[in-house]
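Engineer: If you read the sequences in order, they're chains U and E. Oh and the first sequence: position 14 is 14 in the numbering used here, straight run, nothing missing. Each position in the second sequence, counted from 1, maps to that position plus 259 in the numbering used here.
These aren't lab readings, by the way, just hints derived from the structure by calculation. A hint or two may mislead.
A short, non-exhaustive set of chain E residues, derived as facing chain U with CB atoms under 7 Å [said to hold, decoys possible]:
id : residue
1  : 287
2  : 321
3  : 322
4  : 378
5  : 477
6  : 490
7  : 494
8  : 497
The beta-carbon is built from N, C-alpha and C at its ideal position, and this holds for glycine as well.
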Amino acid sequence: MGAGHGGPLGSAYVARDSVVHRLPAHVSLVAVVGFALVVVATPVRTAWAPAYAGYAVLVLAAAALARVPAARLARGLVVEVPFVVFALLLPLVARGPRVEVLGLSLSEGGLVAAGGLLAKATLSVLAATVLAATTTPQDLVRGLQRLRLPAVLVQILSFMVRYADVVTGELRRMRVARESRGFRGRGPGALRVVAGTAGALFVRSYERGERVHLAMLARGGDGRLPTGPAVAVPARAWLTGLALPLAAGAVLAAGMLGA
Amino acid sequence: MCNKVARGTAPAAPAGRSLEVRVHVPDGFLDAPTSLATGALAAGAVTLALRGARRELDDRAAPLAGLTAAFVFAVQMVNFPVGAGTSGHLVGGALTAVLVGPWTAVLCMTVVLLVQAVLFADGGLTALGTNVTLLGLVAVGVGYGVFRLLVWLLPRTRTGLLAAAGAGAFLSVPAAALAFVGLFAVGGVADVSLTAVLAAMGGVHVLIGIGEALISVAVLGAVLSVRPDLVRGAAHLLRPADLATRPGLRAGETVR
Chain U
1 MGAGHGGPLG SAYVARDSVV HRLPAHVSLV AVVGFALVVV ATPVRTAWAP AYAGYAVLVL
61 AAAALARVPA ARLARGLVVE VPFVVFALLL PLVARGPRVE VLGLSLSEGG LVAAGGLLAK
121 ATLSVLAATV LAATTTPQDL VRGLQRLRLP AVLVQILSFM VRYADVVTGE LRRMRVARES
181 RGFRGRGPGA LRVVAGTAGA LFVRSYERGE RVHLAMLARG GDGRLPTGPA VAVPARAWLT
241 GLALPLAAGA VLAAGMLGA
Chain E
260 MCNKVARGTA PAAPAGRSLE VRVHVPDGFL DAPTSLATGA LAAGAVTLAL RGARRELDDR
320 AAPLAGLTAA FVFAVQMVNF PVGAGTSGHL VGGALTAVLV GPWTAVLCMT VVLLVQAVLF
380 ADGGLTALGT NVTLLGLVAV GVGYGVFRLL VWLLPRTRTG LLAAAGAGAF LSVPAAALAF
440 VGLFAVGGVA DVSLTAVLAA MGGVHVLIGI GEALISVAVL GAVLSVRPDL VRGAAHLLRP
500 ADLATRPGLR AGETVR
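From just these sequences and the hints, can you work out the full model?
Structural biologist: Dropping the structure here:
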């Protein structure tokens, strides 16, 4: 496991004490979604390259402020790989006027679209990686609750976050048991064995859900999760958090006026 | 379209090649109006699902759906060998719908996608609505719809049930891919010939659908043989146990 108490969900968290870490989760969430919205709203044209560079500086500054290691940011970008492949193919398959680059006939529109796609995806993934690295899963649930996510959805989410570690731990123990009995995981018979594990995992998870529900009833549960009073967030925290999307918005506005 | 790299406690993949592709749309892939429209669609559907799940699970909804979501999250990290040295992994929309009911399945997929977007940057935050629409609504809806239709048509046996679930799981994947191509046609950011996208997405996702069907049937079969009462889609197969008095037992006599 190696990730300490966080389990698989908390593996993205980087424990530090920084301005970014101290931000309330819902402020961070709003900031990152706002940043992503600004990035998505930016036109895809060659003339806008400086704006994208500006966004990159902003998000990397936030990462530096949060002291998120560069390796962590790089690992976050791995989820992007299939889209890099797609983007690399775009200039080859897109329509429109062609340009010769290194002997290849590439679509001009495709090249620009691929560049825009990569820039937008990379920037948003970086911002989301900083969010995940500075906010624990539990705080994120509280943050989403403060952002008025429907109560039942918040409860489902909080149960998932609490038990993801237990359920994946169960899965790991079943795999160790399987392999210690000589399971090699090859051939058509292996599907049945692994599927048996998954089936058992479902039965165990569902039964655990029933036990959790009964335990809640036994303790006087009424279907609501009690949470303390919401802590007031000082205006300064909002200002600090929203500095990222506001600065990005300023870059966008400057580009719009300049264009 | 999103490669799942083994992370955290993911079991090591024994097989060489793998078919781990998922449709997790990142930010900026579709234009803003399309993202907003799918976001509104997803929000509406989730609101409906919140009501529907109460019917499926009554007041146990939150813990059971939460644990099922944890199961979906965990099982998506498992590599299943699906033959010819290839392994696949589950998306799980259709399987979850057959196991716990379609409304609960929509909620579980939504929560899993939310966690993946927020905690793993996997799937864009502004594209969350799109991803919920594709993998939550379309995959679950098509998978469960086909399943119900075939359950109604096929013989009411275990084999018929598994065949129906397999067909639902198979079709759920190309259906989600088709829906993606449709969204790309409406709000794609690149001028690409649609037939090219359709051919590329279709071919790959038919293969992935076969893997999804094999895995779903195998998992469902495993659950059916241990706890058939937990499979919501198999409620019609369950008969109450035949109770009979022991021959020769007189009224009032204690059973030893």
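Engineer: Take the hints in turn and mark each one as holding or not.
Structural biologist: We went through each hint and held it up to the structure:
no. : hint : result
1   : 287  : holds (3 Å)
2   : 321  : holds (4 Å)
3   : 322  : holds (4 Å)
4   : 378  : holds (5 Å)
5   : 477  : holds (3 Å)
6   : 490  : violated (9 Å)
7   : 494  : violated (15 Å)
8   : 497  : violated (16 Å)
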